[in-house]
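For this one, chain A is given, so just place chain B on it according to the hints.
If you're matching them up, the sequences are chains A and B in order. When you read off a place in the first sequence, starting at 1, and then add 431, the result is the number in my numbering. When you read off a place in the second sequence, starting at 1, and then add 431, the result is the number in my numbering.
Everything labelled a hint here was simulated from the structure, so no lab data went into it. Because the structure is a prediction, the values reported are computed rather than measured. There are no misleading hints in this set.
What follows is a set of in silico ranges between Cβ atoms, one per label pair, in the way DEER data are often shown:
id: 1; chain 1: B; residue 1: 552; chain 2: A; residue 2: 545; range: 42 to 50 Å
id: 2; chain 1: B; residue 1: 531; chain 2: A; residue 2: 735; range: 22 to 30 Å
id: 3; chain 1: B; residue 1: 552; chain 2: A; residue 2: 566; range: 52 to 60 Å
id: 4; chain 1: B; residue 1: 449; chain 2: A; residue 2: 549; range: 47 to 55 Å
id: 5; chain 1: B; residue 1: 469; chain 2: A; residue 2: 439; range: 38 to 46 Å
id: 6; chain 1: A; residue 1: 472; chain 2: B; residue 2: 661; range: 40 to 48 Å
id: 7; chain 1: B; residue 1: 735; chain 2: A; residue 2: 502; range: 30 to 38 Å
These stretches of chain A come out as covered by chain B in the derived footprint (C-beta under 8 Å, 3 or more residues):
id: 8; segment: 452-465
id: 9; segment: 482-496
id: 10; segment: 706-715
Positions of the beta carbon are idealized from the N, C-alpha and C atoms, including for glycine.
Residue-level listing of the chains:
Number of protein chains: 2
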Amino acid sequence: MQPSGTLDWNVYRRGAFEEARHVLEGVAHRTPVVQCRTLSEHAGCDLSLKCENLQRAGAFKFRGAYYMMSTLSKEERKRGVITYSSGNHAQAVALAARMFDTRAVVVMPDDAVGVKLAATRTYGAEVLQQGRTPQERKARAEVLAREGGLTMVPGYEDPRILLGQGTTLIEILAQAPKVEVLLVPVGGGGLLGGICAAARAYRPGLTVYGVEPEIADDWARSIEAGNIVSIESADTIADGLRSLEPGEIPFPVVREVVQGIIRVSENEIREAMHLLLSRAKLVVEPSGAVATAAALFHNEPFRGRQVVALLSGGNVDLGKLFE
Amino acid sequence: MQPSGTLDWNVYRRGAFEEARHVLEGVAHRTPVVQCRTLSEHAGCDLSLKCENLQRAGAFKFRGAYYMMSTLSKEERKRGVITYSSGNHAQAVALAARMFDTRAVVVMPDDAVGVKLAATRTYGAEVLQQGRTPQERKARAEVLAREGGLTMVPGYEDPRILLGQGTTLIEILAQAPKVEVLLVPVGGGGLLGGICAAARAYRPGLTVYGVEPEIADDWARSIEAGNIVSIESADTIADGLRSLEPGEIPFPVVREVVQGIIRVSENEIREAMHLLLSRAKLVVEPSGAVATAAALFHNEPFRGRQVVALLSGGNVDLGKLFE
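Isolated chain A, as found in the complex (with noise of 0.2 Å):
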């Protein structure tokens, strides 16, 4: 891992892109950019949707999983991974490790929600459960890989990771060139990361803002500060986005690129969800609504301006949705 603080561009170069677009190409879907004019027309300016919620596994997390596992010797395939997630980054190892015929364990909490699990183990992978925190799902991770030589494939501290979301952003700037603001949701920073490295890469110019929850809003407090700073509480609907601090790895691409971070509302997640919903015609989970809300309820920066919003994912308890 790369010590904190310390950050070699060269590993975020354009070949290195080109190299993770070509594993990715014909295994992970090309989602669609689309538009709605009533969203546009509620936030003041030209707003297009890029529908990672319409990815496999159903969230932007496959992209790295699959192209992490695909830079793997033939021997550490063989003996298989693990990882520790809750959510969206579950399902994809568990996908892309079947697509791999590897071996796939998944730590995940105790209090699991129990379509996830059963997600999970749909795709193959074999599940334990461990405490409640991420601290001890990453404990008993790591112990796991050592004693199983499993090959731990993290949520976004690893730079294979970041360079898998990234060529999103390379989806992007061919389906709607003439974007120039970007709105990124931002948990740990695997996503927000791997779009700042590949922005500098490939449109320097392009304005790129993360969105988080407010009563989560780590990034914005370590990017205000310019170092990492810790959170005590992240208890938001965004499940995905409950991070208590950045990751190290992403977090100095993401100060060096970003132009701020954004902080949303509850009650502007909930009304982004429903106006996907029944205007774009989109499901959107919490976590993926965010960007969105920041362009309905927070564009002062760039009203009238060419903005693409990334729908991160789709995986949304169905029932939930009109509580």
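Below, chain B without anything else, positioned relative to chain A:
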């Protein structure tokens, strides 16, 4: 109007479709074709979805309405247009009229759903309510058309409507060039007629099926009989497919091209809607889900083949989705 039973294929030559496509370029959305592996596994074929639920005003109807209005004379457009519809066609006509800065009158049923009345008014149309049957609304609209010099924009009884809807096929052939089988919802027949005519012009080898609710099977009976047959009732949840008999303009076009009409049950429609929501992350109305239902539950004729199911619309009362 062409006399029943006669059909001039020259009306549906490539050049006519090209003109419609040219008019709609940059005006209608080029909606995406997306893939969903889970649905493909269920269906036992390589299934893609053409997302006209993401079209402007939420359904394919905008294509035909806008294209037909583009062909009116300056004088006709100055006087305005009229239609009778309770659903997606009303919204499409209202939106297109607003874009042409034309007066639009829409005759809707006495018991029209509040949300559809509101949506049609939002686009600026004058809404009148008259009776509960299409016959009553049609009669009222024809009187109003004569009195006010308004041009009737019918839902499917005009070749220009078919030309507009047929542009959907041109996009599909570019987006999914290997398509072998196309599944298309059929109510009055504007969409299926347009698709069949375009298939004949662009890809005569394409296998096209119409799909309708088994309790509203006017098209299946008519195609089987070789001539237009009326049914007594059509009390299906697919509110856009409640036609009691095929349209006279589309019928001879469809009869000559279509492979057959597939009937789906009400429960199959509901299950398709829910799988589209939960797995494909797409909001699709009951009428829009019938083609997917055919792929999932009546796939014998096209197992293992390259299939596109057309999602015709997404205008559903979200509160009713989970009843």
